[in-house]
Amino acid sequence: MGRQRFSEDEVLDAALGIVMRDGYKSVTARRVADAAGCSAQPLYSRFGGMEGLMESLYERALEWVAEYNRTHAHDAQTVFASNGLAHIRIAQEKPRLFEFLYHSRYMGAGSIEQLFSRVSQPSMEEEISACYMLTPVAAHALYIDMIVYTHGFASILAVGARFSDGELMEHLNSAFESFLEHARSSCPNGEARGPRVRSPSCAKAP
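Using numbering that gives the first Met the number 0, read the sequence shown as starting at 0 and increasing by one per residue.
It should be emphasised that the hints constitute simulated quantities derived from the structure, not laboratory data. Keep in mind it's a predicted model, so treat the numbers as computed, not measured. Certain hints may be false.
Said to hold, decoys possible - Listed next, with one range per pair, are the computed distances between beta-carbon atoms:
1. 135 x 159: 35 to 45 angstroms
2. 43 x 185: 43 to 53 angstroms
3. 158 x 44: 34 to 44 angstroms
4. 173 x 106: 21 to 31 angstroms
5. 69 x 151: 44 to 54 angstroms
6. 173 x 125: 17 to 27 angstroms
Claimed, not checked - Simulated crosslink set (SDA-like; lysine to any residue; CA at most 20 angstroms straight-line):
7. 93 x 64
8. 93 x 61
9. 93 x 151
Yeah, the Cβ is synthetic: ideal placement off N, Cα and C, and Gly gets one too.
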């Protein structure tokens, strides 16, 4: 018989393991209970049913992504670029988690801004604004543009496509330069003071 006393963290971590291995559609009360070493019935009282469990699990998955981004924040020359590379790596290395996060109804994005709230990372807009001398509005627009573009590549990779790193980075860099030029042109005169960025070492992704 499964134990009756358990923490929500234990249950959510067990459920997240199922998502990563087998996908979110494989999460059932019985499988989660078995993985967590508890009985199934308390899951309902603790989370209010499977829907409550899945909603809490989605938030736990977002926390996992945030921690992954923190761990890999210096893989590229800026945190912004590292953030984009992390998004692509998650799609490649954790495709079932990626599906749960971005290709399931639990994402609940009914607008671009809601998509942004799910995918964006803390303090990234401030870095973009400072790095490229953009207004907050222009930095926000650039961030959204790169989220959408990079997420497109990541979604293709998540379902099995394979691109060379060189090919991928060439397209990301080219898109970033175009989006940055547009962001600069949208700033009031004198408010976008930074030089044009031609180096692939700066921000390229969400």
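Each hint tested on the structure:
no. : hint                          : verdict
1   : 135 x 159: 35 to 45 angstroms : holds (38 angstroms)
2   : 43 x 185: 43 to 53 angstroms  : holds (51 angstroms)
3   : 158 x 44: 34 to 44 angstroms  : holds (38 angstroms)
4   : 173 x 106: 21 to 31 angstroms : holds (28 angstroms)
5   : 69 x 151: 44 to 54 angstroms  : violated (24 angstroms)
6   : 173 x 125: 17 to 27 angstroms : holds (25 angstroms)
7   : 93 x 64                       : holds (11 angstroms)
8   : 93 x 61                       : holds (13 angstroms)
9   : 93 x 151                      : holds (16 angstroms)
When the structure is compared with the earlier hints, a violation turns up for hint 5 alone.
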